[in-house]
Amino acid sequence: MITALLALTAPLVFAAPPTKSGPESPAKSVAIRADVVWLGDGRVLEKGVVLFSEGRIAEIGTNVSVPAGVETIEHKGFLTAGLIALHGYTGGQAGEMRDDARPAMPNAKIGLVFDASSPDVADARAVGITSLLLTPNAEGVAPGLTAVVKTSSRRLLKDEAHLSLVFNAGGLVSNREPTSLSGAVAMLDQLFAKPTGAVERAHGGSLPCLFEVGEPADVLRAIDFAKRHDLRGVIHGAVLAGEVADQIKASKLSVIVPAIGVGERRRNLKSVVALAKKEIPFGFGLDSPVNNPADLRLGAVMCVREGVDAKVAWNALTSEAARIAGVADRVGTIDRGMDADVVLWSGDPLDLGSRVIAVYVDGARVDGDKR
Amino acid sequence: MLTLVGCLAPALLSPAEPASVSPHSAIESHTDGAQAGTAKKDPFETIFIRAEHVITKPGTVLDDAAVLVRNGRIVAVGTGLSKPDGATELSGKYVCAGFIDAWSALGVASEALVDQAASPATRTADGVDVFNFDHLRRDALRSGVTSARIQVGATGRVGGLGAIVRLAPGQSEDDVVLSPDCNLWMTIGLTQGSQPLFDNQGELIGIGGRAMDPFERVESVDRLVSTLQAGKNYLIAKNEYKHELEAWQKTITEKETELEKDAKKAKKDREKAEKDATEKNKKFEEKKYKEDKKPTAPRIDEDNEVVARAANGELPLIVHANRVAEIRALLQGTESLGRLRLVIAGGAEATFFSKQLAERRIPVLVWPAPLGRNRPDEYEASDLSLAARLKADGVQVLIGSGGIDPAATRDLPLLAGLAIGAGLDRAAAFEALTIGAARVLDASDRIGTVEAGKDADLLVLDGEPLVSTTRVLNVVAGGRVVALKED
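Top line first, the protein sequences correspond to chains P and S. Just so we're aligned: the first sequence equals residues -6 to 364 in our numbering. Just so we're aligned: the second sequence equals residues 82 to 568 in our numbering.
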């Protein structure tokens, strides 16, 4: 019943729908030789060369033969994969990210409202963020589908990354059902009793879920729900998720650590250390543009200072984030065939004092066009 | 006796010179061991620190050098020093001065931070809570911040006197307060409808409410300037009174001498006049001298005392102002106050006035997130690139954690890192966190560099300071090695 209604009232989008194809004109080939190249799978190349061709990484190594006529850029510093910010609203108009009239619209696609020309997108790109996981606002019980976008064009990397399911009190309002946490779970159980559309895909395991939680108790309720309906996916929103790390580990769910900022409570940072200790896969949320995009790297650095292994923290910004967003085959690491999403840094990227020198998305340099 | 003489009795009118307390008096008393009324203290240990590089001050590095600390102070810095017997030895790759958070909330109850009824004479030092925040102090020390300027009334039009505190935990108030009056604080554009925001654990997380419109903001600059002008006038009145009193006292002395010289005649005349009056059944009246008219002292006003000191440049005035309208009005309005030492805090749009700021040597104290594009009254620059842009224009830059969240002081070195990442050079960032802040806040005789005679607030590091991956190995705060172990 509810889903039928939803089909009729699918979000009205006035912007032209984004294309799934690549950028308008393929970027020209270029080779970059950097002092240090972090491939993202643990390997590090000194004086490594990365060759871009048609928006993809064509070749990597220390002894790459650069085709004639292709420019080689010498970079004194580090080269890494672009950063991936999970859980953000960047590029979507605030009003488009929420629909508080209906409690469940599992088929609503947030990717449709992405506006790459928004100044927030340029801000994200300027600090080295090349992909974003856009999430619908956690309203009701099933606010829609997440999407992965690039920060350079209207290109959608994935228009259906997760089915968002809400288990925190933030999704409840007093003037429409459900008005209680137990009521929310009951409504979700109903959705999954006769699954259609995105719910059906999630139920069958082909679509991961994004479990929106708050307190550790919400985490446990989400884990129970995932177990009951055989769902996979990722938990977002619990700053203290690490305090129920054992249960998360057993559930095989991964975690999006909510945005970390200046003055973050130490207990919250310790929670991330606990996740890392249990080897639970995690990435970092940003909730941009509410938060400054520079906070993404700041959060990772703060976790390192609190005791998270530097490699684990870096992967959480890149390769692990790509896995959580379901786009690890395209972005998050530097490898042949991957999208040429690359950041050049003046020094060690885990030193906040290192500057972004250049950002490439799909092989084209994009850091010049700031807002 | 002459009535005149009675008038000469010196009233206690010495124009209130602010009591100048020797900055070292508190420290020196430590050497006497335990103090009455405070917790029992360990005596100071002698500390000998070796390092591959000792950064004595920005730009000056001694290689393979050592620092000797005794009785709370640095007594020697250099190469070729040898470790005295019994000294505690520390070593690391770098030694530098402890960082100073020029805008912190660490050590003051949040109710006091957002007190809107503060007046110029309100002292942050009176609100220092030494029995609280120890875990946050330890966190700050672990990341290398050894002292902080704290400020009550952060959202009031006038916030009162800021204080510099040392962050070592478990100390008495006397030991903690390095300066009880390092600045006067005022704000523009923050007072109307400002409400403190608390998170669900009851911790202060920010200031909400819609800020004022430009006309209200400019009007509030006018009020600020007239407050300063009133302080200046108060000072003028006090000085005039001082001179008038001196002149009057001089005249009185002269008259008295004159009368003394002719005392016999004067006595005779007076007795005759009294006798005549009695015979004629009239009331005897003492002769009036025009010198009897003593100048009246201006009413002592604690607030004006403080404002006068600021107007006179005896302590800096820090004004929290962000947008073009109020910064322009502030710069215009204070132009005639030549001795004022103005500092702008926040300064989100200060780059529009870089030239003036550089010429008038007005530093800007930047902080992590001056609102942002998503807040009601949006304005430029919501990141720390402001520091780099101002510095490039020749403006002195300081960095603070923002004065609202006491936990943020821990992240001061990361904020400096972000500023560096946004283009500020490392040396300038290091200066901002050490001697730069100390100079602006008149504390450079005690903190900010690694030099003999200074308080021993030192960091022992495993790498270059302000690199995010550098670890703090040891902290010496107020001459004592701080335990950095987890609680």
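It should be emphasised that the hints constitute simulated quantities derived from the structure, not laboratory data. Possibly wrong hints are sitting among the right ones.
Here are the computed lysine-lysine pairs in the DSS-like style, where the Cα-Cα straight-line distance is at most 30 Å [stated by the list, open to error]: (1) P:Lys304 to S:Lys566; (2) P:Lys69 to S:Lys361; (3) S:Lys369 to P:Lys40; (4) S:Lys342 to S:Lys356; (5) S:Lys361 to S:Lys323; (6) P:Lys304 to P:Lys270; (7) S:Lys331 to S:Lys345; (8) P:Lys304 to P:Lys245; (9) S:Lys313 to S:Lys336; (10) P:Lys220 to P:Lys242; (11) S:Lys566 to P:Lys271; (12) S:Lys345 to S:Lys356; (13) S:Lys346 to S:Lys369; (14) S:Lys361 to S:Lys371; (15) P:Lys270 to S:Lys566; (16) P:Lys263 to S:Lys356; (17) P:Lys270 to P:Lys242; (18) S:Lys313 to S:Lys342; (19) S:Lys174 to P:Lys263; (20) S:Lys346 to S:Lys313; (21) S:Lys361 to S:Lys331; (22) S:Lys174 to S:Lys313; (23) S:Lys319 to S:Lys348; (24) S:Lys346 to P:Lys304.
So the derived label-pair ranges between C-beta atoms look like this [what the hints assert, rightly or not]: (25) P:Arg259 to S:Thr169: 57 to 63 Å; (26) S:Pro124 to P:Gly300: 53 to 59 Å; (27) S:Asp506 to P:Arg259: 27 to 33 Å; (28) S:Glu133 to P:Glu39: 21 to 27 Å; (29) S:Lys566 to P:Arg36: 44 to 50 Å; (30) P:Arg259 to S:Ala157: 52 to 58 Å; (31) S:Gly544 to P:Gln240: 44 to 50 Å; (32) P:Glu39 to S:Ala157: 40 to 46 Å; (33) S:Asp166 to P:Glu39: 28 to 34 Å.
Being a predicted model, the structure only gives us computed values, none of them experimental. Positions of the beta carbon are idealized from the N, C-alpha and C atoms, including for glycine.
So, going through the hints one by one against the coordinates:
Between lysine 304 of chain P and lysine 566 of chain S the CA atoms are separated by roughly 25 Å; this keeps the pair inside 30 Å, and the hint holds. Restraint check: the Cα-Cα separation between lysine 69 of chain P and lysine 361 of chain S comes to about 111 Å, which exceeds 30 Å; the hinted pair is violated. Between lysine 369 of chain S and lysine 40 of chain P the CA atoms are separated by roughly 99 Å; this puts the pair beyond 30 Å, and the hint is violated. Restraint check: the Cα-Cα separation between lysine 342 of chain S and lysine 356 of chain S comes to about 23 Å, which is no more than 30 Å; the hinted pair holds.
Note on lysine 361 of chain S and lysine 323 of chain S: the hinted pairing is violated, with a Cα-Cα distance of about 44 Å set against a maximum of 30 Å. A hinted pair counts as satisfied when its Cα atoms are at most 30 Å apart, and lysine 304 of chain P with lysine 270 of chain P qualifies at roughly 13 Å. For a cut-off of 30 Å, the pair hint linking lysine 331 of chain S to lysine 345 of chain S stands: about 23 Å separates their Cα positions. With a C-alpha separation of about 21 Å, the suggested pair lysine 304 of chain P and lysine 245 of chain P falls inside the 30 Å cut-off, and the hint holds.
The straight-line distance between the Cα atoms of lysine 313 of chain S and lysine 336 of chain S is roughly 34 Å, outside the 30 Å bound, and the hint therefore fails. Restraint check for lysine 220 of chain P and lysine 242 of chain P: satisfied, since their Cα atoms lie roughly 13 Å apart, inside the 30 Å limit. At most 30 Å may separate the alpha-carbon atoms for a hinted pair to count; lysine 566 of chain S and lysine 271 of chain P meet this at roughly 24 Å. Between lysine 345 of chain S and lysine 356 of chain S, the direct Cα distance comes to roughly 16 Å. Compliance with the 30 Å bound is thereby established for this hinted pair.
Restraint check for lysine 346 of chain S and lysine 369 of chain S: the C-alpha separation of about 17 Å stays at or below 30 Å, so the hint holds. Of the supplied pair hints, the one linking lysine 361 of chain S and lysine 371 of chain S holds, its CA atoms being roughly 27 Å apart against a limit of 30 Å. Taking the CA atoms of lysine 270 of chain P and lysine 566 of chain S, the gap is about 20 Å. The hint holds against a cut of 30 Å. Under the criterion of a C-alpha separation no larger than 30 Å, the hint pairing lysine 263 of chain P with lysine 356 of chain S is inconsistent with the structure, at around 97 Å.
With a C-alpha separation of about 11 Å, the suggested pair lysine 270 of chain P and lysine 242 of chain P falls inside the 30 Å cut-off, and the hint holds. This hinted pair does not check out: lysine 313 of chain S and lysine 342 of chain S have alpha carbons roughly 43 Å apart, beyond 30 Å. Between the alpha carbons of lysine 174 of chain S and lysine 263 of chain P the distance comes to roughly 28 Å, so the proposed pair stays at or under 30 Å and holds. As the CA atoms of lysine 346 of chain S and lysine 313 of chain S are separated by approximately 48 Å, the hinted pair breaks the 30 Å bound.
A distance of roughly 38 Å separates the Cα atoms of lysine 361 of chain S and lysine 331 of chain S; the hinted pair therefore is violated under the 30 Å criterion. In summary, the hint linking lysine 174 of chain S to lysine 313 of chain S is not supported, as the alpha carbons are separated by about 50 Å, beyond the 30 Å threshold. Straight-line distance between C-alpha atoms of lysine 319 of chain S and lysine 348 of chain S comes to about 38 Å, which puts the hinted pair past the 30 Å bound. Using a Cα cut-off of 30 Å, the hinted pair lysine 346 of chain S and lysine 304 of chain P is violated, with the two alpha carbons roughly 103 Å apart.
A C-beta distance of roughly 28 Å is found between arginine 259 of chain P and threonine 169 of chain S, which places it outside the suggested range of 57 to 63 Å. At roughly 35 Å, the beta-carbon separation of proline 124 of chain S and glycine 300 of chain P lies outside the given 53 to 59 Å, and the hint is violated. Between aspartate 506 of chain S and arginine 259 of chain P the beta carbon distance is about 31 Å. The supplied range of 27 to 33 Å therefore holds. A beta carbon spacing of about 25 Å between glutamate 133 of chain S and glutamate 39 of chain P agrees with the range 21 to 27 Å that was offered as a hint.
A hinted range of 44 to 50 Å is violated for the C-beta pair lysine 566 of chain S and arginine 36 of chain P, which are about 36 Å apart. Checking the proposed 52 to 58 Å range against arginine 259 of chain P and alanine 157 of chain S shows it is violated: the Cβ atoms sit about 37 Å from each other. Taking the beta carbon of each, glycine 544 of chain S and glutamine 240 of chain P are about 38 Å apart, not inside 44 to 50 Å as hinted. Between glutamate 39 of chain P and alanine 157 of chain S the CB atoms are about 43 Å apart, so this pair conforms to the stated range of 40 to 46 Å.
Roughly 48 Å separates the CB atoms of aspartate 166 of chain S and glutamate 39 of chain P, a value that falls outside the hinted 28 to 34 Å.
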